[in-house]
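Between the sequences and the hints, there should be enough to build the whole structure, so can you do that?
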Amino acid sequence: MSIATGEEAKPKLVPLPGTVGGVLLTGRTPASRLRPRHRILFASFVICVLLPAFLSAVYYVAFASDRYVAGAGFAIRSTEATGTDMIGAITGLSTAHSTTSDAYILLKYLGSRDIVERLSQDFPLQEHYSSEEADWLMRLDEGSSIENLVNYWNRRIHANYNSASGIVTFEVEAFDPVAAERLASLVLAYCRDMVNHLSGEARRDAVAFSAAEVERAEGRLKTVLEAIRQFRETEQSLDPAGSARIRLELVGGLERQLADLRARISALQASLDKDAPSLRSLTRQAEALEQQIARERAGMTAHTADAAGSATLSNQLAVYETLEVERSFAQQYYASALSSLETARINADRHQRYLAVYSAPVVPEQAAYPRRVLNILLLAAGLTLVWAIGALIGYAVRDHLR
Amino acid sequence: MRSATISDSWRALAALQMRVAASLILRETRATFGTSHLGYLWAIITPVASIVLLTVIFTYAARHPPFGTSLALFFATGIIMLQLVLRLAESLMTAVEANRALLAYPPIKRTDVLFARAILIVLTYLVIAGVIYGGLIALGMATPPAHLEDVLFAFVAASLLGTGMGLINAMLLNRWDSWRRIAPILTKPLFFISGVFFVPDYLPPQIIEWLQWNPVLHAIEWTREGYYPGYESQVLDKTFLLLTSLILVFIGLAAERLTRRNGGL
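These protein sequence lines map, in sequence, to chains D and W.
For the first sequence, full-length UniProt numbering assigns the number 402 to the last residue and increments by one with no breaks.
For the second sequence, full-length UniProt numbering assigns the number 265 to the last residue and increments by one with no breaks.
What the hints contain is simulated information worked out from the structure, not anything from laboratory work.
Treat the hints with care, since some could be wrong.
[Claimed, not checked] In the SDA-like style, the derived pairs of lysine to any residue whose C-alpha atoms are separated by at most 25 angstroms in a straight line are:
#	chain 1	residue 1	chain 2	residue 2
1	D	Lys108	W	Pro144
2	D	Lys108	W	Phe67
3	D	Lys274	D	Ile246
4	W	Lys238	D	Tyr104
5	D	Lys108	W	Thr239
6	D	Lys222	D	Glu201
7	D	Lys108	D	Ser120
8	D	Lys108	D	Asn154
9	W	Lys238	D	Val386
Shown next, in the form of structure tokens:
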């Protein structure tokens, strides 16, 4: 408005070159010379602002079909750390990072091709959006590709995530109230499935590693026990350490007997004749004992194998002790693997996430879109602005006539 | 007959405007760095260097990018937009007084020097953006933009915004000489509140509530949404950005026309 008045104030400064001769200039008033320019201005205003605004008003009032909205709000909660976190309680900062990323995953999922494809199976999505209920501007082309459907779906669903409260809200538009509610309920159900799926996946992942560890430990323990069993079978000895002890005791007993004999022999040698029969028999006994002791010793340590084909006792003992050590390691390993599996399972249970729905979809009574008055006014305002800037630039160019 | 003459005269006018604008742009490129060998190249080298320096500093200060894999790219998408707006706002402010001598020639109007500067700066920053993005891509620190059209739209919107701010600045300076000192103070915080080095979506809603009134933030968000394949801004409101820019341009142009008779020229 102000522009026009500003221009009117100085009409004499801006004659159009070569428009009209001096005839008009002398004959008519300056006002009539202004006309063509103002007519252009007015025409441009009509074409750029009034006409589109009028057309949009006609469309919104007469044609635009109502769009009903149904939505839901929920938070993704984790079973852990609900109010127990001291720092979180004091600072008011949310600590659940895992649920934050879950919320972003859900936001992406809401606009994804997956959800559109799944919706199409449970609801005649394409048919509804391209039905007669929708006006021609908002309608989805019949038989459009999945990509177009996904694009269209993204304009019909509005999702939002509040990072401070951790609340996800979404709204679905449809051309009748029942369909809106149905769509929103389906979408909510899919969201729940998605969260359960994510949670289950995470749980499986967390436990799977520990379970594999337990399996490995079990295998190792089994191999060791099998090796011990085989050793016992081939060596015919349940406990080589025990039999070694027994053998040592045996040798010890024999040596004690030998020492006794020798003591008696030396006692008898003082009183009896060297060839006395009792002395001779004692000496033979002592010799026999010595041989026996030597044999026993050899059986324990010598490298020769006896008739049964089994190794000597010291060898047996060496193998057996290695196996024993291996078994005790394997047992410890198995026990710790079991306990870590248990911890992992408990942790995973604690990290389990679920959907806490605080507002479920309901059948809307009133259409939320289109916002007719607001849209018409916004369009008119925007067009006026663009037109005014255009006019100002036009005038700036025109100033060069001065 | 008459309409033919009118359209002829408009064509002649448009041609005249083009010539004036073109010669003013040329003069501007010569005058700014007249004595230097590299000439106007400095206008590209200086901002590129300052952006690179800031990026390096932030790379060492922040270490991991708020979004994506490249901090340099994240920072570049923000700082280029911000610098474009700030440069337009600041240099349009002094355009009129810098060219006061030229305004003595009748064919040259205030709007001409303003438009010429605006066009020159926008073109310069187009080159700067090309150099920086191209450099990042060549160095393997960025991938080409996912939606080039969005990046360009954001660039256009930011150009409009900066032009609007610059026009208003010029008019305010014309009326009130102290504005020269006040404008930079008012635009300084933009570096911190425009999301140059953070993702607005990750901030608490109480802060977003205030930040979303900053149009530069929207220009940056728009750029990022265009550049990154997976960037979805919940703050971004393109309508707000465009409306604000257009309103500012309109106010600036209207003020230019209204202040003209009050001794502006």
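Each hint, compared with the structure:
no. : hint                   : verdict
1   : D:Lys108 with W:Pro144 : 22 angstroms, holds
2   : D:Lys108 with W:Phe67  : 16 angstroms, holds
3   : D:Lys274 with D:Ile246 : 37 angstroms, violated
4   : W:Lys238 with D:Tyr104 : 22 angstroms, holds
5   : D:Lys108 with W:Thr239 : 23 angstroms, holds
6   : D:Lys222 with D:Glu201 : 31 angstroms, violated
7   : D:Lys108 with D:Ser120 : 18 angstroms, holds
8   : D:Lys108 with D:Asn154 : 11 angstroms, holds
9   : W:Lys238 with D:Val386 : 16 angstroms, holds
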